[in-house]
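**Student:** Below, each chain spelled out in residue letters.
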Amino acid sequence: GQQLNQSPQSMFIQEGEDVSMNCTSSSIFNTWLWYKQEPGEGPVLLIALYKAGELTSNGRLTAQFGITRKDSFLNISASIPSDVGIYFCAGPQGAGGTSYGKLTFGQGTILTVHP
Amino acid sequence: SQTIHQWPATLVQPVGSPLSLECTVEGTSNPNLYWYRQAAGRGLQLLFYSVGIGQISSEVPQNLSASRPQDRQFILSSKKLLLSDSGFYLCAGHSPLHFGNGTRLTVT
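The listed protein sequences derive, respectively, from chains A and B.
The numbering used here numbers the first residue of the first sequence as 1 and each following residue consecutively.
The numbering used here numbers the first residue of the second sequence as 1 and each following residue consecutively.
It should be emphasised that the hints constitute simulated quantities derived from the structure, not laboratory data.
It cannot be assumed that every hint is accurate.
[Said to hold, decoys possible] Which chain A residues face chain B? A few, computed with CB under 10 Å, are given here:
| no. | residue |
| --- | --- |
| 1 | Gly101 |
| 2 | Gly106 |
| 3 | Gln107 |
| 4 | Ile110 |
Even for Gly, the Cβ is constructed at its ideal location relative to N, Cα and C.
Required output: the full structure, derived from the provided sequences and hints.
**Tutor:** Structural data, given as structure tokens:
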């Protein structure tokens, strides 16, 4: 089945540093979603990307939909302690899928920010 | 906007006991609803989804079942829990997906 590979698996950074993480797949996706999960809570949607090449920002977060439609990137600028959490990429199941509820998730990138 | 409510937040159950987790939705009618499970704080796996009352689709074979008795209610159940059923269970709805705060289930 489809798999989303996220890297790195974990990151330990200093407050103020920029962060970059990515998500790749052997299958084409029509949508890329980025979520953040804090301990004991459900994932929260950060950014949704719907078009190849699309670059979208949400505050200090910027995500891009890769031109090949097989990858996506999430960048966080000037990290702060509250950025700590697990970041997941996700996309609709099935090659070229369009259901935004039936999602395939990556394994997540664990971000730790040292003050 | 849609709000997903789940309870309880945490649950410890012995092996072989029954399970019932409830999810209710506010802010929309006839929502598509989903149950996901997350093991060991990593990737989420879709278990069930429902497009309406009484309509359930299962994504993976397992010891669990789901029901949709009302438009805004989605229930996850088991007749006899296994140790492997431990995990973080998340109800979700809306498009793109929004999640509730989950139930941490520990089977002992």
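**Student:** Does each hint hold? Answer for all of them.
**Tutor:** Comparing the hints with the structure gives:
At its closest, the beta carbon of glycine 101 of chain A sits 5 Å from a beta carbon of chain B; the interface hint therefore holds under the 10 Å criterion. The interface hint given for glycine 106 of chain A holds, since its Cβ lies 6 Å from the closest Cβ of chain B, which is under the 10 Å cut-off. For glutamine 107 of chain A, the shortest C-beta to C-beta distance to chain B is roughly 5 Å, which falls under 10 Å, so the interface hint holds. Satisfaction of the interface hint for isoleucine 110 of chain A is found here, the shortest Cβ-Cβ separation to chain B being roughly 8 Å, below the 10 Å cut-off.
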